[in-house]
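J.: Please model the complete structure; the sequences and the hints are all you need to start from.
Protein chains: 2
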Amino acid sequence: MLYGGIEAGGTKIVCAVGTGPEDLQAQISFPTTTSGETLTRIIAFFQQRQLVAPLAAIGIGSFGPISPDRFAPDYGYITTTPKPGWAQTDIVGTIERALGVPAGFDTDVNAAALGEKRWGSAQGMDTFIYLTIGTGIGGGGLSNDRLMHGLLHPEMGHIRLPHDRQADPFLGICPYHGDCLEGLASGPALNARWGVPAETLPLDHPAWALEAHYLALACVNFICTLSPQRIILGGGVMSQSHLFPLIRQEVQALLNEYIQVPAILQQIDAYIVPPGLGSQVGVLGALALAEQAAGESPVVER
Amino acid sequence: MLYGGIEAGGTKIVCAVGTGPEDLQAQISFPTTTSGETLTRIIAFFQQRQLVAPLAAIGIGSFGPISPDRFAPDYGYITTTPKPGWAQTDIVGTIERALGVPAGFDTDVNAAALGEKRWGSAQGMDTFIYLTIGTGIGGGGLSNDRLMHGLLHPEMGHIRLPHDRQADPFLGICPYHGDCLEGLASGPALNARWGVPAETLPLDHPAWALEAHYLALACVNFICTLSPQRIILGGGVMSQSHLFPLIRQEVQALLNEYIQVPAILQQIDAYIVPPGLGSQVGVLGALALAEQAAGESPVVER
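Residue numbers (the working numbering), protein chains in the order written: chain A, 357 to 658; chain B, 357 to 658.
Treat the hints with care, since some could be wrong.
Copies of the same chain look alike in the list, so a pair counts if it fits in one copy or across any two.
[As the list claims (entries may be wrong)] With a cut-off of at most 20 Å between alpha-carbon atoms, the simulated SDA-like pairs for lysine to any residue come out as follows:
| # | residue 1 | residue 2 |
| --- | --- | --- |
| 1 | 368 | 401 |
| 2 | 368 | 634 |
| 3 | 368 | 384 |
| 4 | 439 | 616 |
Because the hints were derived from the structure by calculation, they are not lab data.
T.: Below, the structure written as structure tokens:
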């Protein structure tokens, strides 16, 4: 069986065809423009691949908010996004009709989490989270071996955290919440706080300790709420890999030995980790969604 | 089939025999003393009931931390509790051996959540949380139709929240974390902050708006993390039912229409609710755990 995967990001689309990380037979990437133009390019890519070999299903890991509930009237839509031209876009229906194959659909972060379960850092785990820290902050994951849904889907980037305005007078940039996690610790928040692109800041700049502090507070809240077996941190900001030891150390300090498990007390280097699939996590996660849509997922029921 | 339920609280034990809220055939309650004395009283109660009619299983909803993982070497134990004489107590093994029936075992709050799913305010829901706000603050629930576990079990009372020390200079009373949710908003925290038993404070005292503020922040973080279909708030502090409208209003204000679902935007009175089973939620939850242990739960697989 051959699958298609679509990583639909707010700034970039990645499409691939294959069966897994060792077998990607074609891949393209282009900027996200209007919904019409973007969907046309996506469909053209897969139609061309279908001339070579049939696809069993397509997986779509999308920026949001989305409607992932198969029984909702707007299932398969990108819903209330402020992104111009994308609100109320029927991405699943458009693609299923054009390509004649079933589509799996979930948030970009749930897709990434599924990819990590299938081929990456979360193999064998039934409860874990995947956070991306980049242009925005999003989180998804598996709980009890299924992708996390509920009323809608997690919006982990918007939790509220302690914010000491004397130590950090920056007010946050979330248009809805000001100083929520995304408002304080996303890439644009870093750039706005320090007035320069964060990646130009030296390793000993206080920006990094502060960033690690907020991300550690977030990890602690997710640990207390979900009891994940692992936390995977991806996204552009986490390519600053020196953040990992800072975050791990602060998570231990904040938890203060309250949660007495070796994974946190002794093996935290294996507990808070980068994605095993690296920068391919998004599109491979979409491929894992396609497997699931075809009823062929070896790891997670639909 | 007849079941036994044990609500094992840090200050009080409740035992009952029956099949559900309309059919409780016997119930007792006594203070939690030493582990030896307490377990002896529990066992004596059920042995006497076994003379009347056989029990198919026992359910135990326990204060913690506990080891709920059936495959862990210390499964069935209350583990590192600071409660004198209770650390490393094999509560499941002791009870199963004495009574000769299988025992279901989970946190008090997961048990309560299961009770609410079976007979209370969460019927038909697959993802929701139950929070108790009393001597401590704990949270459990179902995610994807199973009780929430993972590395261990949730410890929702210990999330960190914004704490404006100018508006509220109280430092919090959690011995591990100071001003975590439990440190700021549990019953003892209320009493310590205001210097009097909270239930003696008039309804217009600023204590209540502040309490609602912290509980609303907690609800918002749980909503963003888990996307629950409902939040059930129980425990002694929530018997101050005037807190509910304050919390609901502040949850809406804090979310600021970011999550566009009618349950939050229009029907929040049905979204943040007291337990349908009232003060019986703990022991009925334990009964629902017993059904599960007997393989007879109509609502949730084990």
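J.: State the violated hints by number, sorted upward, taking the hints as numbered earlier in the document.
T.: The structure breaks none of the hints.
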